[in-house]
Amino acid sequence: MRAGSGVRVTGKASGRGRWRLAAVTSAVALAGLLGLSIQPVQAADPVKVGILHSLSGTMAISEAPIKEVVLMAIDEINAAGGVLGRKVEPVIEDPASDWPLFAEKAKKLLQEDKVATVFGCWTSVSRKSVLPVFEQNNGLLFYPVQYEGEECSKNVIYTGATINQQATPAVDYLMSSEGGNKKRFYLIGTDYVYPRTTNKILRLYLQKKGVKEADIQEEYTPFHHQDYQTIVGKIKSFCAGGDVAVINTINGDSNVPFFKELANQGVTADSCPSISFSFAEVELQTLDVKPLAGHLASWNYYMSLKTPQNIKWIKSYKEWCAKHNIADKQCVTDDPMMHAYIHVHLWAKAVEKAGSTDVDKVLKALEGLEVDSPVGKYKVDEKNHHTWKPVYIGKIKADGQFDIVTKTNQWVAPEPWSDLTYPGRACDWSGDGKGSFDMVDGKRAWLSDKK
Amino acid sequence: MWTTCLVLLFSWLAAGALGVRHTDAAVPHALVMDLATPAKQREALMQLRDLPDPALGGVLQALKEGALYLWQEETLLILNDAGTLIDLDNKPLLDSAGQPLMPTERLEQVELAQAHMPLVQRALEALELLASEPAKRKAIALRWGNLQDVTLIPTLEKAQAQEIELAVKAVMAETVQKLRLLDPSPQTRQQAIAFFGATRAESALSRLKDLREKEQDPQVHAAITQAVQRIEGYLQMRNAVAYLFNGLSLASILLIMSLGLAITFGLMGIINMAHGEMLMLGSYTAYVVQEFFATHFSGHADTYFLIALPLSLLDVGGVGLLLERALLRFLYGRPLESLLVTWGIGLVLQQGARLYFGDQTSVNSPTWLRGGWEMMPGLILPYSRLFIIGLSLVCLVVIYWLLYRSNTGLKLRAVMQNRDMASCMGISARKVDTLTFALGTALAGLAGCALSLIGTVDPEVGKTYIVDSFMVVVLGGVGKLLGTVLASFGVGMSNKILEPAIGGTAAAVYAKVGILVLVILFLQLKPTGLFPAKERLSAGTVR
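In order, the protein sequences belong to chains A and B.
Going letter by letter, the first sequence gives residues 1 to 451 in our numbering.
Going letter by letter, the second sequence gives residues 1 to 543 in our numbering.
No wet-lab data here; the hints were simulated from the structure.
Do not take every clue at face value.
Stated by the list, open to error - Pairs of lysine-lysine, DSSO-like flavour, derived with a Cα cap of 30 Å:
#1 Lys397(A) x Lys40(B)
#2 Lys48(A) x Lys315(A)
#3 Lys463(B) x Lys128(A)
#4 Lys136(B) x Lys395(A)
#5 Lys64(B) x Lys407(A)
#6 Lys290(A) x Lys169(B)
#7 Lys407(A) x Lys136(B)
#8 Lys212(A) x Lys214(B)
#9 Lys407(A) x Lys48(A)
#10 Lys214(B) x Lys183(A)
#11 Lys208(A) x Lys209(B)
#12 Lys158(B) x Lys183(A)
#13 Lys209(B) x Lys183(A)
#14 Lys306(A) x Lys91(B)
#15 Lys169(B) x Lys397(A)
#16 Lys306(A) x Lys64(B)
#17 Lys64(B) x Lys183(A)
#18 Lys169(B) x Lys306(A)
#19 Lys169(B) x Lys183(A)
#20 Lys48(A) x Lys114(A)
#21 Lys158(B) x Lys290(A)
#22 Lys208(A) x Lys512(B)
#23 Lys395(A) x Lys64(B)
#24 Lys200(A) x Lys512(B)
#25 Lys463(B) x Lys377(A)
#26 Lys200(A) x Lys64(B)
#27 Lys136(B) x Lys183(A)
#28 Lys209(B) x Lys209(A)
#29 Lys209(A) x Lys64(B)
What the hints assert, rightly or not - Among chain B residues calculated to face chain A with C-beta under 10 Å, some are:
#30 Lys178
#31 Leu182
#32 Ala240
#33 Tyr243
#34 Asn246
#35 Leu381
#36 Tyr465
As the list claims (entries may be wrong) - Only some residues are given here: those of chain A computed to face chain B with a beta carbon under 8 Å:
#37 Ser237
#38 Asp253
#39 Asp288
#40 Gly442
For each residue, glycine too, the CB sits at the ideal point set by N, CA and C.
In isolation and in its complexed conformation, chain A is listed as follows (with noise of 0.2 Å):
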């Protein structure tokens, strides 16, 4: 497709494949030629891996961006001589928002392609789906999204946020002083894994802090719900006694009707805000924004971020937007996206540092790994495979981008288990670890042990 960058779009397993091979290497060559790439072209392989992010279907609006970053770090990662002298050479996959198409689509880059590692995968459903695929043949995911945490693989290296790196605090905010000492809160998603599970956390975060059964309302929606009238309802009378906050996990375009249905019947951000854990700048570029201005979300990233990293990233960004084609009102940066450009430096950094493409030694690598963000320094936790991270409250402007109302003084630590609903449980992959642990009569038992 993109002879410069030697991109390839696989298709369906061919006898062709020699052929294509010779035609990526004489692409590569031939830009070495031209002189394209600065470094000499080396002789040995290129190092292949695999992008695994739906182009079509439901999920493209939210995963086609993620695609482009992550082609851009590799281009940026290749410009600099790749890794152990080779070229990182991209095998993208299309899963189609299906997803059992996504555990074939990774079972075919790791066993046919080869690839050393893979960055994709979107919703907590995909990701469940192409775990068993990863850890029986020992492949390496990067997967960049938050999500309600409750695994800790180690084939998996998790860049987004765990609940207590976005949900918690963002409830902190609400019952802060200059979030509003919010004391009631009405909880509302759609009717899959990660909002039930981030609720039942939250549930117990908030009467951990004195919030009373009686003031937390709890509601769940099947996905493309698109009637609110009496949920609104319900959510405007209870707004009436004052002090509350509504905290938004409705996925994808349910929150339309949702925000339509919360403006017209008069639901203010100032009488009664909402916070959202689901929707960036990039999704929010395609909703009508007017009715959202004035709520709130929790994210680590935002693009109107003013640090002189952020603002070299969006530039060369739109450069790349540029050159692809992309339209200038689509290209946007969002938290997933920026998850999705770091970590594939983190590889390439955790390779180098290994001397090796051995996932094993690659994870070993990995270990306390730190790597330059937009947003600073960003770091790997030394033993659970999440990262740790700033957060950032942002107010929803008009114009579809973040006011930035708070952030955390520091980095926040990964708790991939969350102490309230699992107390004492953790993970280590360091040194002997297995994964995730109870700590029973001060003693580690090990889930996998267990089963």
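With chain A fixed as given, assemble chain B onto it according to the hints.
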């Protein structure tokens, strides 16, 4: 009138001035110095809260953000967004050469004690309460109502006295009364309680219930109980009205989305699985017209909907015409094939929309359809829903007239009841078929356009409509317009009564399940729906 405008203009200017931290009014230097003295800070802040001074907005904001500095222990300076120090009269601090000066010594940040933070917040809010746009004033009045701090009453009363917006004034009055509920004197409390009993304000309900538990005075206790009863009585009545409206709104949505199907499936007997996609095309028409107006006539963006509505009727009707001419007319009398073909067409249209428009496009309601009509306190009927109720009624009347009162309708019904006989009478059955199908799809297009006001516009949106549409038509009795009307009314109402009745965390889902169970039971008893077509007549409709 002019004075009102002037006051508004002035308050607007003052609000703008606060934002950029500069003001022309004189600054009371003594009071400002107190702010910078730890021992006097609290006193000064309280004074500012009770007697808001617009000239000090910038200083307070700077104090809150840690941008207020004391230089040489006598001059207060503010560090502005550009990074230069300015004095309280907004003049930059300059050195002898006339360049901005940034002293490195004897420049100290004015500390704000953590305990004083809420006071600064209140003082800033007090300023906004007096001079900013009405929505802000209302929001602050609402917020203060929940603070349970009686010392705020004097400031609020002052603001209330000079308030010009009636709606904001009412909120301020309510807030004052809410705070008076905490007054030590039983008389004052009783007065406040009586106020809420009279206004039946929902916002005071939880506060009153809390108070009831703590109240010692038996007289006041009785007053609270009475007020709570009054408010709850009002709420029950209001909720009943709300349920009724919700049911009516859902019924109108169901009606408008199944009217087209009532014609294509009900009258013609074509199982049109692409009906949902016809709705989707209508929604996309609204989207395309909106985008066109946004780029070419951005000044008249609000009128796009008036163009989109008739256009959706025409272009989706055109698609229907094309479909019937090109495909469906070959499949009359073969219901299974036409089912599969229309299903396939639906899939093609879905993927086509996805390729061309992408996922998640959204239609912005025109401003005159945003917001709603406050029918009674706490109950707002959204204009968009009222519009859809109106539109579905208009459609119904037009269709009724067309089918049962016009010459075309007579021919149409003649063809549907007995096509051979109708042909013998000189009616062109082919032409009637085509036009009827086009009419059905055109109605679907119109419905899609209208529903984009409250729902999403995406390639799969048809899926959410098709099941409900078929349910309504089948329940009503295939071929009967009155049946479709009654079925949508019944389903809409029972759904909206079931939903709050079920409660729990997934009421919306269970209400839907409940409705489907009811429909199944009903169809067990009356398999041909509410208004079954008569046997002898239906013999002609099966082709």
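These are the hints, each one checked on the structure:
1. Lys397(A) x Lys40(B): Judged against 30 Å, a Cα distance of about 39 Å means the pair is violated.
2. Lys48(A) x Lys315(A): 27 Å, holds
3. Lys463(B) x Lys128(A): Status holds; Cα separation ~27 Å.
4. Lys136(B) x Lys395(A): Holds - the C-alpha atoms of Lys395(A) and Lys136(B) are around 16 Å apart, at most 30 Å.
5. Lys64(B) x Lys407(A): 16 Å, holds
6. Lys290(A) x Lys169(B): 27 Å, holds
7. Lys407(A) x Lys136(B): 25 Å, holds
8. Lys212(A) x Lys214(B): 17 Å, holds
9. Lys407(A) x Lys48(A): Violated, because 38 Å separates the two Cα atoms, which is more than 30 Å.
10. Lys214(B) x Lys183(A): Holds. Lys214(B) to Lys183(A) sits at ~19 Å (cutoff 30 Å).
11. Lys208(A) x Lys209(B): Holds, because 24 Å separates the two Cα atoms, which is no more than 30 Å.
12. Lys158(B) x Lys183(A): 29 Å, holds
13. Lys209(B) x Lys183(A): 16 Å, holds
14. Lys306(A) x Lys91(B): 27 Å, holds
15. Lys169(B) x Lys397(A): With a Cα-Cα distance of about 28 Å, the restraint between Lys169(B) and Lys397(A) holds, given a limit of 30 Å.
16. Lys306(A) x Lys64(B): 21 Å, holds
17. Lys64(B) x Lys183(A): 24 Å, holds
18. Lys169(B) x Lys306(A): 40 Å, violated
19. Lys169(B) x Lys183(A): Answer holds: Lys169(B) to Lys183(A) is near 26 Å, not above 30 Å.
20. Lys48(A) x Lys114(A): 7 Å, holds
21. Lys158(B) x Lys290(A): 34 Å, violated
22. Lys208(A) x Lys512(B): Outside the cut-off at roughly 35 Å; violated.
23. Lys395(A) x Lys64(B): 19 Å, holds
24. Lys200(A) x Lys512(B): 25 Å, holds
25. Lys463(B) x Lys377(A): Measuring from Cα to Cα gives roughly 46 Å; hence the hint is violated.
26. Lys200(A) x Lys64(B): Violated, at about 36 Å.
27. Lys136(B) x Lys183(A): 22 Å, holds
28. Lys209(B) x Lys209(A): 22 Å, holds
29. Lys209(A) x Lys64(B): Roughly 26 Å between the alpha carbons, so the hint for Lys209(A) and Lys64(B) holds.
30. Lys178: 9 Å, holds
31. Leu182: Violated - the Cβ of Leu182(B) stays beyond 10 Å from chain A, reaching only about 14 Å at its closest.
32. Ala240: Since chain A brings no Cβ nearer than about 12 Å to Ala240(B), farther than 10 Å, the hint is violated.
33. Tyr243: 8 Å, holds
34. Asn246: At 5 Å from the nearest chain A Cβ, Asn246(B) passes the 10 Å test, so the hint holds.
35. Leu381: The hint holds - Leu381(B) has a Cβ within 10 Å of chain A, the shortest such distance being about 9 Å.
36. Tyr465: Given a least distance of 9 Å, the restraint on Tyr465(B) holds.
37. Ser237: 7 Å, holds
38. Asp253: Since the shortest Cβ distance to chain B is 4 Å, the answer is holds.
39. Asp288: 4 Å, holds
40. Gly442: 39 Å, violated
The structure fails hints 1, 9, 18, 21, 22, 25, 26, 31, 32, 40 (numbered hints given earlier, in ascending order).
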